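Please build the complex by placing chain S on the supplied structure of chain P, with the hints as guidance.
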Amino acid sequence: MDIDTAADATTNGASHFTLDADTFRKIHPAEYNRRFISQGVRADGRPLQRFRKANVNVGSITTANGSSMVRLGNTTVICGIKAEVTEPTPEAPRAGFLVPNLDLPALCSPQFRPGPPGELAQTISEYINQICTSTNLLNLDDLCIASGQAVWVLHADILCLNYEGNALDAALAALIAALWNVRLPKSTYDELEGTVRAAATNTIPLVLNRLPLAATFGVFDAQHLIADPTDQEEPLLSSQLAIVVDQEDNLCGILKEGSAMDRERMVECIGLARNRAQALRRLIDEALAKADAS
Amino acid sequence: MADRKRVVGPEKSVLPLVESGPQQPFNPDRRKDGRSGDRIRPLFLKTGIIKQADGSAYIETGRLKVACGVYGPRQSARNKLPTQGTLNCDFKFSAFSSAKRRAYAKDNHERECSLIVYQALAPAVRLDLIPKSTVDVYIQILESDGNAACLAAAITCAAMALADAGIEMTDAVAASSAGYIGGNVVLDPDGDEETLQNGSLMVSYMPSLNEVTHMMQIGEVTTNLTVKGMEACVDACSQIRTVMQQALAASLADGNS
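Note that the protein sequences, when read in sequence, are chains P and S.
One point on numbering: in UniProt numbering, the residue at position 70 of the first sequence is 70, and numbering is uninterrupted.
One point on numbering: in UniProt numbering, the residue at position 141 of the second sequence is 141, and numbering is uninterrupted.
Since the hints were derived computationally from the structure, they do not count as laboratory data.
These figures come from a predicted structure and were not determined experimentally.
C-beta: ideal position from N, C-alpha, C; glycine also.
Do not rely on the hints blindly, as some may be mistaken.
One-sided and incomplete, this derived list gives chain S residues near chain P with beta-carbon spacing under 10 Å [as the list claims (entries may be wrong)]: (1) 74; (2) 78; (3) 82; (4) 92; (5) 105; (6) 228; (7) 230.
Just chain P, same shape as in the assembly (with noise of 0.2 Å):
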């Protein structure tokens, strides 16, 4: 496909040239997009408020008590949880820990680089963590094993493997799908010892309260609403929300950045959010009925 651009007013009109699909996407990102969304499609063929296929796998990482792999397009997230033992805070001597963690290696796309988690990464996490806190995702106290002496830490690490865009619905779902893979062994505190013994196999499921999933929606030159934004688009989006929503259809958090939005929009959002989640979870259970069958 070769795009005419003798008619834009960045080349002078005398000359006649044309520049083929991909370069005019890497010297005009903005333009790109806009001549696909105005005619209603996106650049990679996807309808304006289409999500990107999703895929859930669980269970495939054996060094993990609960792990899960997701993939919404080609952006892949793998979640893996480790469960250890450590020290209760006195304040809540029963409580255990859930730490989630996303990381996005440079592995995942040339624009991370290698050293400390980047500002998206940590706005991620951060707000994955204030999820599972203000949600009560968990009973902290399921996760006791001797009160004011033993409890597990969750340390949930969610890594991508491969970066194009929306890396928040993928990191809330594959925490959601390796949470509910988690097995715990049975253990004991030895008081004399001070040490705590674990049986070989893990065998006790994790009690979840809530299923919050995220379904992200961009908005393209102020008019058009766009679902599930690709790596292509992100930076071209004049704002992004963000909305998370459990099983019963209770919206457990919005977050909203950039410019202004009508309410109207909103509203709009909410609604295909539900359908989005609802979606998303129908996958991780048949992952999951998969993963117990086999």
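Only chain S this time, still in chain P's reference frame:
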């Protein structure tokens, strides 16, 4: 020092003591997964798993899972030799990849592995063809099972990813590992078997050129046994090469490279 860029949990956490049952005695002709001593674990290789990278590969053998992404050749930030390109290898364990949780900060073991991967690959890569450029090789261990086997898989995976990125090499490097257990050479030992061994060997080899790019031996072993081990590893590398060629051919057939 508290890490302010991550969600932090309790400062210290430990693994519980696991009550394990009686161990099966080791038999070099019939190992616990049914292999004989001269067999490697079945290997699955796929290229093009990371769409954003210039080249990528995934390797799975037994429980071992490694992903690798290659970016480049791209402009170097700093260049020591303007006539030559630089190869930058980064080896990282995922936090959940081992029995004990791994920290995010790179530890000495990971630094050592990065260096070994570099030493194994550098002789094969035609860095003289890409002056002033850098090729970044990022290796992520998703699940580890045996240190030497993990390192060997990482080298094989990185070589595949380099080939997928279209970086010129004199030959694809394949790597394999062996353990010395009670006077026997046991190919491709897993994590449990590594606890029994009194030495280990890891060989990186260019099968078409018949040249060894890197070899590392640990432990006290007789010279005869070392030679035997090396031959076993070189044979295993030739087997791995067949799988590598098939995977590369498959990626070209799909047109997803």
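**Request:** Using 10 Å as the Cβ threshold, decide whether residue 230 of chain S counts as touching chain P.
**Result:** With a closest approach of 30 Å, the residue 230 of chain S hint is violated.
**Asked** Quick one, is the residue 105 of chain S hint okay against chain P at 10 Å, beta carbons?
**Response** 9 Å, holds
**Request:** Using Cβ atoms only, decide whether residue 228 of chain S comes closer than 10 Å to chain P, and label the hint accordingly.
**Result:** With Cβ-Cβ at 32 Å, over 10 Å, it is violated.
**Item:** Status of the hint placing residue 74 of chain S at chain P (closest C-beta pair under 10 Å)
**Value:** 8 Å, holds
**Prompt:** Against chain P, with CB atoms and a cut of 10 Å, does the hint on residue 78 of chain S hold up?
**Reply:** With a minimum Cβ separation of about 14 Å from chain P (threshold 10 Å), the hint on residue 78 of chain S is violated.
**Prompt:** Measuring from the C-beta of residue 82 of chain S to each C-beta in chain P, is the shortest one below 10 Å?
**Reply:** Nearest chain P Cβ about 23 Å off; hint violated.
**Item:** When the least beta-carbon distance from residue 92 of chain S to chain P is tested against 10 Å, hint result
**Value:** This interface hint holds because 7 Å falls under the 10 Å limit.
Hint compliance for this structure: hints 2, 3, 6, 7 are not met, and every other hint is.
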